[in-house]
Amino acid sequence: MQEISIIMEELDAVAIIGAVLFISMLVFVVLLLLFLLIMHNNLCRRLDPILFKKPWFTDTQLVMFDSWPLSFIKSMQYMFLIGYPRMTLKISHFTNSNRFTKRFSSRFNGLNLDDVPDVHPSLKIACKIYTIIHLLVVIIGVLWFLFIGWFSLVA
Amino acid sequence: MLTKRPNDYDTILYRVRPGDSLGKIIQGYYGSITTTQRKTIISQILADNPDVKDPHRIFPNQLLKITIPQLYCTAESHPGDVPALDIDEQYAKLVQQQWQNAGTPQEKDMLSTLTPIMLGTGAASLTMVERTFKANTPLLTEMVQNYQAYKAGDLSKGKYDYRRKKIVNRLNSRLGLLSRILSGSRTQSEVLRISIKKGRKPTRNISRQIGRMGRLSKYASRGGVVLSAVGIGFACNEIANTDDKQKKNEILVEALGGLAGGLAIGAAIVVMASPVGWIGALVVGASTAIAGFASGKGSQILYTAKFSRFDIASATRVTQVCKK
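Which chain is which? The protein sequence lines are Z and E, in order. One point on numbering: in our numbering, the residue at position 26 of the first sequence is 26, and numbering is uninterrupted. One point on numbering: in our numbering, the residue at position 34 of the second sequence is 34, and numbering is uninterrupted.
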């Protein structure tokens, strides 16, 4: 404890913020990857026969998301859908119906809330936890990039 | 002697196998022919290959220029000759050796700079290769169906020839340079011959090609994993090859920062978008790689400015793992 307090005294606020962002980003990214690796096999096995087909995915996506590493994008989308179906379908509906965004993003085209498959409650909770970790990684990542951008300019 | 090639003939480069003879080769491509026809073809082969003086003396691995009919030929598949995309551990070791053998410090430095970029871009490129193979397998299946329809009497010969030529042209233009990985020096037309050997399924060569495409797709997919591992391996190599403690820590911080930063941006992109085409997928891969590179450099600057007195590499035992 004494060593930690000595270290904290020596470092200034900028250094502490940088260290906190770096370490938390690293920790959450590792958690994200572990979760993704575990859930990827589970979810793809269960949901691919139901969801991985037209019209929910385009022809190109059906080819692209079939194997590593782009198949992880498909697993992430499954987890968003199972964890928070309303929010996911709202975002999907927005990107699918907008003429500009549709060129770059298409997700669960035409899927309704009733079509979302039922899964075991534990799987649902796991998907919710994953979505929260994923959003935390995004927020911390953005803050980290803003921080190092600023720091690189002033240092 | 054939001095003018009719339009329905192809010219190929045939690699002589042990035990081959000219007669055997001709029979494989032309099927049952008369003695006069065989003599004519042998004369043609001798005319096309001036270094072959005696038709009875050909050697293994010799390349012979042979004119063959486009249809109803048998093409022996020799998997050993096809330069498959063999991404395995040996390949990864070879890439690392190249780095170690890089002559000047500037070359090593350049390779080191490329290390974080390899993590993203390499995997994305290989995914594209893998997808191209998988997407073109249906064309080969179409070729088989075309032949079966012709044999069943549903298509006339003219229609069959026309459709076959169209499929081969489409395959050639889609595969582009990748067709060399699949078929080596042979053209797609030569590789996808309908076999006329007795006892052998006519569409055997096409089925083999389908199997080959599937296997190459898997290699490309695994290659993405290897390239990422190679990228991390480079960072470990750099740590092992430098004696300066400060430099070791900078490399470690840069590698960790690059990995985490790249994945964070990748995660952000996936929240907002789901790529619909190849360009989108490459943008995701390249963005992740560029973000990783920037994050790595930023982490290094922060460490050097504020945390240089902390020996993170020793504290995390990385120096014990990555050593000479």
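Simulated from the structure, these hints should not be mistaken for laboratory data. Just so you know, even glycine gets a beta-carbon here, dropped at the ideal spot from N, CA and C. Treat the hints with care, since some could be wrong.
[As the list claims (entries may be wrong)] Straight-line Cα separation of at most 30 Å, BS3-like style, residue types lysine-lysine; simulated pairs:
1) Z:LYS102 to Z:LYS53
2) E:LYS24 to Z:LYS53
3) E:LYS39 to E:LYS166
4) E:LYS24 to E:LYS39
5) E:LYS165 to E:LYS65
6) Z:LYS54 to E:LYS166
[Claimed, not checked] What the simulated footprint calls covered on chain Z by chain E, stretch by stretch (three residues with Cβ under 8 Å from a Cβ of chain E suffice, anywhere in the stretch; the number is not a length):
7) 14-27
8) 69-79
9) 82-89
[Unchecked claim] Away from chain E, derived, C-beta distances all over 10 Å, residues of chain Z:
10) LEU34
11) CYS44
12) GLY149
Run the C-beta distances from Z:GLY149 to all of chain E and say if the shortest one exceeds 10 Å.
The assertion about Z:GLY149 is violated, with a minimum of 8 Å to chain E.
With a Cβ-Cβ cutoff of 8 Å, does the segment 82-89 of chain Z contain at least three residues near chain E?
Our answer is that it is violated, as 0 residues pass the Cβ test (under 8 Å) against chain E, missing three.
Is the hinted pair E:LYS24 and E:LYS39 satisfied, with a Cα-Cα distance of at most 30 Å?
13 Å, holds
Is the hinted pair E:LYS24 and Z:LYS53 satisfied, with a Cα-Cα distance of at most 30 Å?
49 Å, violated
Determine whether the non-interface label on Z:LEU34 survives the test: each CB of chain E must be over 10 Å from its CB.
Nearest chain E Cβ is 12 Å from Z:LEU34, so the label holds.
What's the verdict on Z:LYS102 and Z:LYS53, does the C-alpha distance respect the 30 Å limit or exceed it?
It holds: about 18 Å lies between the C-alpha atoms, which stays within 30 Å.
Hinted pair E:LYS165 and E:LYS65, Cα distance within 30 Å:
22 Å, holds
Hey, does Z:CYS44 actually stay past 10 Å from chain E on C-beta?
Per Cβ check, Z:CYS44 is outside 10 Å of chain E; nearest 15 Å; holds.
Taking a Cβ-to-Cβ distance below 8 Å as contact, does the segment 69-79 of chain Z have at least three residues touching chain E?
holds (count 5)
Given pair status - E:LYS166, Z:LYS54, alpha carbons within 30 Å:
At roughly 28 Å apart (the allowed maximum being 30 Å), E:LYS166 and Z:LYS54 satisfy the hint.
Has the given pair, E:LYS39 with E:LYS166, been kept, meaning a C-alpha gap of at most 30 Å?
34 Å, violated
Tell me if chain E covers the segment 14-27 of chain Z under the three-residue, 8 Å CB rule, please?
holds (count 7)
Of the numbered hints stated above, those contradicted by the structure are hints 2, 3, 9 and 12, listed in ascending order.
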